[in-house]
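Trainee: Chains as they are written, first to last, in my numbering: chain A, 1 to 143; chain B, 144 to 381; chain C, 382 to 503.
Hint data in this document are derived by calculation from the structure and do not stem from the laboratory. Possibly wrong hints are sitting among the right ones.
[Said to hold, decoys possible] Residues of chain B clear of chain C, computed beta-carbon distances all greater than 10 angstroms: (1) Val160; (2) Ser181; (3) Thr238; (4) Gly241; (5) Ser265; (6) Arg283; (7) Arg293; (8) Asp316; (9) Thr321.
[Claimed, not checked] Okay, derived cross-link-like pairs now, EDC-like style, lysine to aspartate or glutamate, Cα gap no bigger than 20 angstroms in a straight line: (10) C:Lys474 with B:Asp254; (11) C:Lys474 with A:Glu53; (12) A:Lys140 with B:Glu172; (13) A:Lys140 with B:Glu309; (14) C:Lys474 with B:Glu311; (15) A:Lys123 with C:Glu485; (16) C:Lys384 with A:Glu53; (17) C:Lys406 with B:Glu223; (18) B:Lys177 with A:Glu130; (19) A:Lys139 with B:Glu331; (20) A:Lys139 with B:Asp162; (21) A:Lys139 with B:Asp220; (22) B:Lys370 with B:Asp162; (23) A:Lys139 with B:Asp158; (24) C:Lys415 with B:Asp220.
[Unchecked claim] To spell it out: a stretch of chain B is covered by chain A in this simulated footprint if at least three of its residues, at any positions, have a beta carbon under 8 angstroms from a beta carbon of chain A; those stretches are: (25) 185 to 192; (26) 197 to 208; (27) 211 to 224; (28) 334 to 346.
Ideal Cβ placement from N, Cα and C applies to all residues, glycine included.
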Amino acid sequence: MSSATREEVLRHLNTVGYIQPALHKQTHAPSPDEIDHSLFRAYTRPVHDVGGEADIPIRYEEKEEEQWELNTFATCECLAWRGVWNAEERRRRQNCDVGQTQYLGLPYYGRWLLTAARILVDKQYVTLTELSDKIYEVKKRYE
Amino acid sequence: MSDHDHSHKPAPMVDEVSDFEILEMAVRELAIDKGLFSQEDHRVWTEYVHTLGPVPAARLVAKAWLDPEYKKLAAADGVEASKAVGVDWVTSPPTQFGTPSDYCNLRVLEDTPKLKHVVVCSLCSCYPRPILGQSPEWYRTPNYRRRLVRWPRQVLSEFGLQLPPEVEVRVADSNQKTRYIVMPVRPEGTEGWTEDQLTEIVTRDCLIGVAVPKPGITSNAKRPIRKAIHPVQHDHDH
Amino acid sequence: MSKIQHDRTHHAKMATGVGDPQCFKGKAGKPKFKIGDRVSVKDLPDIFYTRTMVYTRGAVGEVVELVYESPPAEDESWDNTDKSEWFYSVVFKQNDLWPEYSDEFSNDSLETELSERWLESA
Numbered sequence: 001m002s003s004a005t006r007e008e009v010l011r012h013l014n015t016v017g018y019i020q021p022a023l024h025k026q027t028h029a030p031s032p033d034e035i036d037h038s039l040f041r042a043y044t045r046p047v048h049d050v051g052g053e054a055d056i057p058i059r060y061e062e063k064e065e066e067q068w069e070l071n072t073f074a075t076c077e078c079l080a081w082r083g084v085w086n087a088e089e090r091r092r093r094q095n096c097d098v099g100q101t102q103y104l105g106l107p108y109y110g111r112w113l114l115t116a117a118r119i120l121v122d123k124q125y126v127t128l129t130e131l132s133d134k135i136y137e138v139k140k141r142y143e
Numbered sequence: 144m145s146d147h148d149h150s151h152k153p154a155p156m157v158d159e160v161s162d163f164e165i166l167e168m169a170v171r172e173l174a175i176d177k178g179l180f181s182q183e184d185h186r187v188w189t190e191y192v193h194t195l196g197p198v199p200a201a202r203l204v205a206k207a208w209l210d211p212e213y214k215k216l217a218a219a220d221g222v223e224a225s226k227a228v229g230v231d232w233v234t235s236p237p238t239q240f241g242t243p244s245d246y247c248n249l250r251v252l253e254d255t256p257k258l259k260h261v262v263v264c265s266l267c268s269c270y271p272r273p274i275l276g277q278s279p280e281w282y283r284t285p286n287y288r289r290r291l292v293r294w295p296r297q298v299l300s301e302f303g304l305q306l307p308p309e310v311e312v313r314v315a316d317s318n319q320k321t322r323y324i325v326m327p328v329r330p331e332g333t334e335g336w337t338e339d340q341l342t343e344i345v346t347r348d349c350l351i352g353v354a355v356p357k358p359g360i361t362s363n364a365k366r367p368i369r370k371a372i373h374p375v376q377h378d379h380d381h
Numbered sequence: 382m383s384k385i386q387h388d389r390t391h392h393a394k395m396a397t398g399v400g401d402p403q404c405f406k407g408k409a410g411k412p413k414f415k416i417g418d419r420v421s422v423k424d425l426p427d428i429f430y431t432r433t434m435v436y437t438r439g440a441v442g443e444v445v446e447l448v449y450e451s452p453p454a455e456d457e458s459w460d461n462t463d464k465s466e467w468f469y470s471v472v473f474k475q476n477d478l479w480p481e482y483s484d485e486f487s488n489d490s491l492e493t494e495l496s497e498r499w500l501e502s503a
């Protein structure tokens, strides 16, 4: 087989995965009687606890680190070094409080970063206004 | 205003700053402004991270292979044994109380011909950074964390490692404050080797447990490397 | 406005030069279990946070090590560190954890840590 064919084959196998039977239920704040114990447990489970869930073999990769990722790691450790939080507070927030969608939807260090931003506000070291203003100011530098 | 009738071209990738980068700067600058940590703290921590890599852990294994008393110490008290390879879990990190995320409880898991260990953190990606450096990308994936605890032999075979049925494959799920490195069995063909020679064949993947050391193999198996858009200025991966 | 007061020095004060979990040594009192004990993992409420994986609940394993004393993750994650518990390293047989685990590999095992509140005698 030509390599163009191989590329198409692999692309096809990938695309087929997006076509799913419509088993998903729409949910817009159901009434309590629609939530049985299984669903309650699934919704309220600590999100990080994935051991034993089904998954497929994938290509494992190494990754070049972004400068912002290393900076984020250092920020998170410095926040703990200087007593703003401990690592367990960080993990609870970063790996559970973010919720299922962000957990699987965001990059690994994206969650570290959002969680570092959040701790500053939650512990009243900055107001949300100060954080938003700072984001705006930084953005402006790159326009 | 251009005369040409073409659609707006996005700025070249190299000039674009991502939402992550903007937020990262905002958070770091605010934290410093508010006196939560200093710019110097951040620099010191970054420098500390740059010193970390798998060689100390590899050397711990090499020493243990050469010295039965040290091997006993390593298996009984990983923190004490780490000192012999220059890692003090409490005072090597700038905090002087261990790194916040990696704590001070290294356990060295001793493989035997009948027992093979392999490590995962199914809840996040806990890893013995002070002695092994930063974790590989695949170790952090939900995929590895879901599968290794339940289908270890399948995952290991994807890494090219298959063990006979009589060998006990033990998954160590580092879910709390302990951090693990695997001490593999010393391979055949290394008789008379020096500590340096032995250290060279104990790769990071061997220390996680997804590979076994072999004479002549001094690096992890080749895998695709996902490039960064704005990579770290100097590469600290050993 | 009501502003929270934070003490950012408490961990550094207790752990500098000592380490963590070393700084909690002696705070959990007498351990309930010893090496060799067979223990079963309780399916306790795990609202908001735990580090006791659901795949261990209801399983029976063997204590192989009393690893350290520490505040349990459930409390440490809200910086409630006044009380500590003993942590145990427990080994489970894989074919006790997973129904489809092949009998061919009946020696295979899994080792992980649980704090005392999660364990009872089996």
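Trainee: Of the hints given before, which are not true for this structure?
Mentor: 3, 4, 5, 7, 8, 9, 13, 15, 16, 19, 21, 26, 27, 28
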